[in-house]
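Colleague: Given chain A, work out where chains B, C and D should sit, using these hints.
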Amino acid sequence: MNKYVLIGGSIATEGAIEGILSAEKNADITVLCGEKRPLYSRPLISYALEKKTTDEKMYFHGEDYYEKKGVKAVYAVAEKIDPEKKVVIAEGKEYPYDELLVATGSKPFVPPIKGLESVGKKHTFYTMDDMLGLRADLEKGGKVLIVGAGLIGMKCAEGVKEYRDDIVIADMAPRPLPAATTPEAGNIVQERLSSIIDFRLNAALDRFDGNKAVFGSGEEVTFDILVLALGVRPQVELLKEIGAEVNRGIIVNEKMQTNLPHIYAAGDVVESYEAVGESKRLLQLFPSAYLGGKTAGRNMAGEDSRFLTDIPMNATNLFGVRIMSAGLFVGEKTEVTVGEDYRALYTEGGVIKGFILIGESARAGILTDFIRKKRSIGTLDAKELLAGRDLSVYPAEERRAALGGKYEI
Amino acid sequence: MKKIYVKEEWCLGCHLCEFECTYANSGIGNIVLALKDKEIDPNVKVQSDGKITFAVSCRHCDEPLCISACISGALSKDETGAVMVDRSKCVGCGSCVMVCPYGAVRITKEGTANKCQLCMNNSCGEPLCVKKCPNGAIVYEEK
Amino acid sequence: MIDYNVAPFEVVRDYDKCVNCRVCERQCSNEVHRYEEGFGKMISDSTKCVDCQRCVCLCPTKALKIVPNQNSFRPNVNWQQKYLTEIYKQAESGGVLLSSMGNPEPFPVYFDKILINASQVTNPSIDPLREPMETRVFLGAKPQNIQRDAEGKIVAKLPPRLKLSMPVMFSAMSYGSISYNAHAALARAAEKLGIYYNTGEGGLHKDFYKYSANTIVQVASGRFGVHKDYLEDGAAIEIKIGQGAKPGIGGHLPGAKIVGDVSMTRMIPEGSDAVSPAPHHDIYSIEDLRQLVYSIKEATEYKKPVIVKIAAVHNVAAIASGIARSGADIIAIDGFRGGTGAAPTRIRDNVGIPIELALGSVDQRLREENIRDNVSLVVAGSIRSSADVVKSICLGADAVYIGSASLVAMGCHLCRTCNYGKCNWGIATQRPDLVKRLNPDIAAERLINMLTAWNHEIQEMMGGMGINSIEALRGNRLMLRGVGLNERELAVLGIKHAGEV
Amino acid sequence: MLLEGEFRIPAGCAISAIFDKTGARFSGESIIDSIAVMRDRSNGLGGGFACYGIYPDKKDLYAFHVFFTIHSARKDFEEYIARYYEIDSDEDIPTRKIPEIVDEPEIRRYFVYPKQKYIDFVKTGPDECVFRTVFAVNTEIKGAYIFSSGKNMGIFKAVGFPEDVGRFYRLDSYEGYLFTAHGRYPTNTPGWWGGAHPFGLLDLSVVHNGEISSYDANRRAMEMYGYKCTLLTDTEVITYILDYLTRKKGLTFKESAEVIAAPFWTRIDRMSETEKARATYLRDVFSAELVTGPFSIIVGFDGGVMALNDRLKLRTLAVAEKGDKVYMASEEAAIRRVCPSFDKMFYAEGGKPIVYRVKGGKQ
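Residue numbers (our numbering), protein chains in the order written: chain A, 3 to 411; chain B, 111 to 253; chain C, 2 to 502; chain D, 351 to 713.
Hint data in this document are derived by calculation from the structure and do not stem from the laboratory. Since the model is a prediction, treat every value here as computed from it, not as a measurement. All clues given are correct.
Straight line, CA to CA, 16 angstroms or less: simulated EDC-like cross-link-like pairs of lysine to aspartate or glutamate:
1. D:LYS598 to D:GLU573
2. D:LYS663 to C:ASP128
3. B:LYS199 to A:GLU58
So that you can see chain A by itself, here it is in the shape it has in the complex (with noise of 0.2 angstroms):
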């Protein structure tokens, strides 16, 4: 019987155990999990600040998850993989593989800035551990600034505001959102959220001393706390101190395959095929992660499984602006306004390559699906798409088909 080892304790692990035991019942799996929590969901934390959610739901499948699916799992840090061996050593011990999941995700990045360690209270906040940590200095009181203006340092902005209500955010970027939304978009959601929050924009911070954060325009903040989310950095090491091919992730194939046998990975740490680009690419979305977790599980179990249909997509509410965007955002743009809203979809040679919707998004996922599917919008006018859409601008005996129940769409 195969020996599953998996290295991560996060939702591309997930999506693997689910693969493996949907190929394999009772599989003998482990699991190395170095953040030493059982599976939860990283992106509630900001919803745990928000106390829009609780603690123990962010451990989304219950605590005993990894007991329900009759997983091991071993708290600890996988410092070493011994590819000859067929082995990983972690805090000591060797944990023996047939099939080994690389799953370990990313790192928030912190850059070297002057006078950082002056700063007394400062965060990350990309795990529960961030979460918790903010959280307690959050409730002692004090001004908070943010550094970074991307989903993370936004996501971060509504939980804390759930505290007080002087945040401020800084970005170099010009706007906020710079990664996951064009400008346009990213100047509505400025525009509509810039009553709740003071952003600093354009803003390149040159130092900090002590509770003061300094710019290159020589502006100044001051604050009691400082979190930093400038982004993340996928953890390689592992694998590339063992000769596994890698870019700013791990590359893998289709299969999630690395280029090293018997090893697979998948998750925040890959780069990965995507389906509008056609490329490899780091995605770092939750479904992404799931699915190619799933993908290399079934493979890793002697299926052949291939994850060709992963795109960059994005749902999140902030502040009760509702942003999603799927897609990438190239070819030729179709834009219009809704009162408040703002829509935008992106067509080559009459296929739907990426969308923003800003505010009203009922029924976005046709269009995803079409972005998915490479499914010509043939007569459909795109700026009808944009302003609401249902089954009926499938072809008819697609719809007629999935209706009927003979066919998935």
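Modeller: What follows is chains B, C and D alone, placed relative to chain A:
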């Protein structure tokens, strides 16, 4: 598993299913009290391509994208394979809406996800849209 | 110009219950209901209502009811309101009044004045749940002499006949007068039940040739849709001379209904009126009929029974006797309450006689002339229940035709406006959006359910009489008694009055 | 109160029969003993016997047994008969005066044969002549009633308990190869002599126990074929059906039984194709002659006897054999009384005819 299927050639576009669905999930024992002067937000929606109408509700996919995208564990499959939603867990992020190819999941005005659960967690026993469809356009069967 | 017409019905909406779902609005082809934005409520225009009950049935909160309009002209036993309104209509239009389905006027319903017998003590009743209870019937002529072969064995060769699992068939209703889906349902049900349905004078749609083993094809005065394959496809061929709802009158299907497949099936151009002449223009006498019967038999190599259908009129017995000698295998008699897709109101309500009396005299007459074995008798014209079936069999019928009852099973509420072509139940219409409302899967199942139930009831009644085979019921008039009937009526029916020994 | 024939009487009954397979003749005494056992199945309102082989020296002549209930009737009858028949001889039927039998009519018998020109006129043979005469007399001559019309056989019946009727008619003085007996339990009538059973037409006689539910269907069919049901009794219509099927349609007694107590469709549908075709043919063509409801009958005919139960076997009929003798009766006791030890004994199954014929056929 037993699923809801739509025979669009028999759909009359009468929209009864939408009202019966709302009633079924209202938790109110009387249809008038359940619907009178209320905005309805049913789990089944009658849609039309201009020529033909059809009632759309959750397809309960074998590999539901909504579940793989759900960050809160609010969406899950029950033992029968039906996709169920635990609204107390949902944080309303909208990932399910973003991925559902049928547009069959929505965020309600309470800010959490909702969808067809085959009337399994209400008192109807069988999906009321099926039971009340006047023309057999919605069926509940094994395929 | 003054509008003299008074809405016969009133739509009553309970606004406490109405939830503005607008289902009634979407379901009413007569556009009675409308949602009034400003008002924020549904409103109804009663003048357009035909009381088909579609909205009442579909209203999820049962907020609707249709009641007779209480508005009344000054009461007058002689000049009833109906006569006045009819005159107003004619004064306005100058046209013949049309209506549909059977005669609704208060003539006696003899079935309701006849009671059925049951066994007590001297002769045990039979429990259909424990003992066999046979309802199989064969229709067709009976051979006069028995042939035996060399070894003296009976030569078991019978004239062409129909085999029924129970003594009920679906009456002639043409594709055109009723919808494709209605025909589909009738055909499927007939096949499943082991009985027959009848094309009427509309021809046979190509899709339904697969039900040929359970199809009776009709040849009527218009000869619409009649061709070689059609005749050869039927299990039996019915020559339609007359129809209970409009004896002596031809048919008229307006061009509006002659669309697409209907025109193809009838083999006449789209949009042209389908006018069936009053008589067959090759049948001006009984001997002409005999010639048609035999030309049809020749054309089909004597393989199929030929039915001659007539309306029940005053001298029906003499006519039947003539037909029994014409070579026909089956005589179908349609009583004056028989339904129709459209008939002149005056004819429908004033011409013909009740089927019970017609049957009473025809069966007796054929027996007196010793020609009852030449033919089987099928009666029609408002058979409403299994009891009507049993009473018909006891009076001497071999089987019955049901038309209206089958439509009712499919949802018809006898609003009697088939002639408008806007049937909300998808039955008597060709409008695709309305036809769609009749799902043949459901309609066929309802037909099957109804007749299955009727058959159980027939068996219960037979068992009660100590009869376990339907043959023993045929013409068994001693099993019937009349109530409130006079000597003449009893004599014609050939039954005694209740209480007589 | 209406007389028999003016309305229909449901009746319960006792029947029995004794038959000699060799055709050897024996005294009518034993049949009286047999039927007497079942006294409580009768109520004194009718009893009678059919006796075969009792007129060996006049066996080619038709023996008319006639009741005259009014004085003028005999004259009318004899004038009528004289017109169409050669009358060989006629006499009062000898009876024994006993207190149990009262209100007797004038009872006579005539040995006759149709005149040639009558036979020529009717064309279909002397039996048909007699058939017509019986109906003419019984319907047209008030007060005259032919209750027996076969050759070398005779029916004797009266109002009273059968054993008394037997003694009244001196049955002990007759010898025949077949005797059938009937004791009657009519439920609502004084009963009259003509209404007692057996019922006969030509040499066919029927004793019947039961009440059939198909009566009017059968009656109206028979009347269409020229029979007149004057008594409105089951026995009468069954007799006519048998006469119609055997004499007019040429069916065998077994085939007739298959018509009267037809096999159920469920059974027919399981038969071989040829059998199925035959059975279907009989049921379809003679559907009006199917008899439903409870009955057990014993049919006497020239040279044989048939027992038949209805298709559901709602009445019992015991049959026993001893040597050349065959015994039949509603109750086993009635057989044991006259035949304490038998070779075999069985009960007639529903719808399965039991036919015995004299070795060598007709007498």
